[in-house]
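Using the sequences provided together with the hints, build the complete structure.
4 protein chains.
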Amino acid sequence: MKHISYINDMEAWKDSFEFYHSIKVRFSETDMFGHLNNTVPFAYFEEARIEFFNHLGFMQKWTEKSSSTIPVVANQQCDYLKQVYFSEQLKIYVKINQVGNSSMDIHYMASAQDGAICFVGRSTIVQMSTLTGKGEPWSDYMKQIIETSVNIHCMS
Amino acid sequence: MKHISYINDMEAWKDSFEFYHSIKVRFSETDMFGHLNNTVPFAYFEEARIEFFNHLGFMQKWTEKSSSTIPVVANQQCDYLKQVYFSEQLKIYVKINQVGNSSMDIHYMASAQDGAICFVGRSTIVQMSTLTGKGEPWSDYMKQIIETSVNIHCMS
Amino acid sequence: MKHISYINDMEAWKDSFEFYHSIKVRFSETDMFGHLNNTVPFAYFEEARIEFFNHLGFMQKWTEKSSSTIPVVANQQCDYLKQVYFSEQLKIYVKINQVGNSSMDIHYMASAQDGAICFVGRSTIVQMSTLTGKGEPWSDYMKQIIETSVNIHCMS
Amino acid sequence: MKHISYINDMEAWKDSFEFYHSIKVRFSETDMFGHLNNTVPFAYFEEARIEFFNHLGFMQKWTEKSSSTIPVVANQQCDYLKQVYFSEQLKIYVKINQVGNSSMDIHYMASAQDGAICFVGRSTIVQMSTLTGKGEPWSDYMKQIIETSVNIHCMS
Chain U
0 MKHISYINDM EAWKDSFEFY HSIKVRFSET DMFGHLNNTV PFAYFEEARI EFFNHLGFMQ
60 KWTEKSSSTI PVVANQQCDY LKQVYFSEQL KIYVKINQVG NSSMDIHYMA SAQDGAICFV
120 GRSTIVQMST LTGKGEPWSD YMKQIIETSV NIHCMS
Chain X
0 MKHISYINDM EAWKDSFEFY HSIKVRFSET DMFGHLNNTV PFAYFEEARI EFFNHLGFMQ
60 KWTEKSSSTI PVVANQQCDY LKQVYFSEQL KIYVKINQVG NSSMDIHYMA SAQDGAICFV
120 GRSTIVQMST LTGKGEPWSD YMKQIIETSV NIHCMS
Chain A
0 MKHISYINDM EAWKDSFEFY HSIKVRFSET DMFGHLNNTV PFAYFEEARI EFFNHLGFMQ
60 KWTEKSSSTI PVVANQQCDY LKQVYFSEQL KIYVKINQVG NSSMDIHYMA SAQDGAICFV
120 GRSTIVQMST LTGKGEPWSD YMKQIIETSV NIHCMS
Chain L
0 MKHISYINDM EAWKDSFEFY HSIKVRFSET DMFGHLNNTV PFAYFEEARI EFFNHLGFMQ
60 KWTEKSSSTI PVVANQQCDY LKQVYFSEQL KIYVKINQVG NSSMDIHYMA SAQDGAICFV
120 GRSTIVQMST LTGKGEPWSD YMKQIIETSV NIHCMS
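Going down the list, the sequences are from chains U, X, A and L. With numbering that gives the first Met the number 0 applied, the first sequence closes on residue 155, and no number is skipped along the way. With numbering that gives the first Met the number 0 applied, the second sequence closes on residue 155, and no number is skipped along the way. With numbering that gives the first Met the number 0 applied, the third sequence closes on residue 155, and no number is skipped along the way. With numbering that gives the first Met the number 0 applied, the fourth sequence closes on residue 155, and no number is skipped along the way.
Be a bit skeptical, because a hint or two may be false.
Where chains are identical, the list cannot tell them apart; a pair therefore holds if satisfied intra-copy or between any two copies.
[What the hints assert, rightly or not] Cut-off 27 Å, straight-line C-alpha distance, at most; resulting in silico cross-link-like pairs (DSS-like, lysine-lysine):
| hint | residue 1 | residue 2 |
| --- | --- | --- |
| 1 | K90 | K13 |
| 2 | K64 | K133 |
| 3 | K60 | K142 |
| 4 | K133 | K81 |
| 5 | K13 | K133 |
| 6 | K60 | K13 |
| 7 | K90 | K64 |
| 8 | K81 | K142 |
| 9 | K90 | K60 |
| 10 | K13 | K64 |
| 11 | K64 | K81 |
| 12 | K23 | K90 |
Note that these hints are calculated values from the structure, not bench results. Quantities reported herein were computed from a predicted structural model and do not represent experimental measurements.
Okay, here's the thing in structure tokens:
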């Protein structure tokens, strides 16, 4: 397998995921080349990431009308390893790879039903203040949740 | 051509449009059957309708943060007459067909470069109050703009 | 509830559905008005319809590379009854309402977790020959499956 | 501006683009946070890249039914520098950054009407054989076109 900058040891990396969200490829997500269009994995990443944040207890806060912080994607990438087709059932694994002051680095791995990895990716998520437009440091409460999650995933 | 419930006389109907918005079919909008996916014309309708509302001077008001009314789609439909393919250049014609107290009936016609009609449609748009969730009657100012538009399109 | 042309008796109509497919509203499917964008229900309809066709045993045939027939949408419509928001879990009910020579009329009903109906719709699906571009009559085998389905749904 | 791995000297990089494709942000492309959803720039990249390939004279070959090669995205990334809003008019600049045996590295830069850079990105595109599923080396004819393009863009 070719080198991917954010993966050192593929086997260890694969084993570091625990949480996943299942999706099934929609017909409207294919393109005229007969496979999943390259723009769609980012919608899957977002969906799986939000399910993961829900699981951690984050997401609700961010979607309250009164919230003055929102999570924004600062950058992201996807490496496509295998073509994906209509109606395939994928597991989108998600983990927090690293935590900064107001950001985190999220990793994704999409695997097919036979276990083959179809595509992988990563995003930097920043907690942004809607008042200043700048990064808003994680609260102690969130830091605790995040660190617990990272420990679970890195130390298991 | 088969009967379409909202079109009485196809030739007169075609002639009743003036405003159009041009779009070009994106690769990501095709599907594995090799043509434009059936869900996409509604995004084209929305884009063309908003350009039309901009042209009439409506849209800005509705997208101001302080606005307490928004336009919502109450119902819509599309009749697909000809398959559409990647990179085709379409004209999406839009007109106000009828005006109610807080609603209007919008018609659409998409034509290809050779003039063939590819799909047609209609939407009922309601001006909704974000405070009550109910229809908000058109102001006199808006009514005047709408009626001028309808007259132009019906009487020309 | 306002009149919807393809629904005579709302209570009887609601009771006539059996099959449903569950979906959860994605973040990327909302728009800046804070609710589900009006173009998305048609992607849900397509997804639920295909799951229904799978269930009946149709879909596989149509997506084989050697198939010379594909299902195309000839027309469709949606009536939006209640705003839908991010992360709502919807049941998209699907049924065959009527069968023609090479077409069928499909009905949809989307209900929220509290049972409220959020939007309803219908599509005319035509089995098209990819060789002639024209409608291809249902085979006896398909007719039998369709009629069984319609009977089940109408007579139960 | 923060460091972006594929940009050494931002000013020189900005000046290295010539070709651009204009797009206008659709309403259906916003999300409930009120800005352009993070998944959409990849659709813009694809649209601009294809317009660029058209301009170079590539794309037609790849979308012919008889073609045994298609361009696939092997990996891609986006760095979001400024929030983008509904109805903004963007220029999506595209260039070939580097050429391999059967692949190329494409760079993108999206700028707003005031000249501010909103997001940047890159994709590795591979010419894939649909028969073998493997990379298909560029023909001499394509190599010549690509190299001319790279020279134009790097030497100007």
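Structure-based check of each hint:
no.	hint	verdict
1	K90 x K13	within (13 Å within a copy, 34 Å between copies)
2	K64 x K133	both (19 Å within a copy, 20 Å between copies)
3	K60 x K142	within (14 Å within a copy, 41 Å between copies)
4	K133 x K81	between (37 Å within a copy, 11 Å between copies)
5	K13 x K133	between (33 Å within a copy, 25 Å between copies)
6	K60 x K13	neither (30 Å within a copy, 36 Å between copies)
7	K90 x K64	between (31 Å within a copy, 26 Å between copies)
8	K81 x K142	between (36 Å within a copy, 26 Å between copies)
9	K90 x K60	both (26 Å within a copy, 26 Å between copies)
10	K13 x K64	neither (37 Å within a copy, 34 Å between copies)
11	K64 x K81	between (40 Å within a copy, 19 Å between copies)
12	K23 x K90	both (9 Å within a copy, 16 Å between copies)
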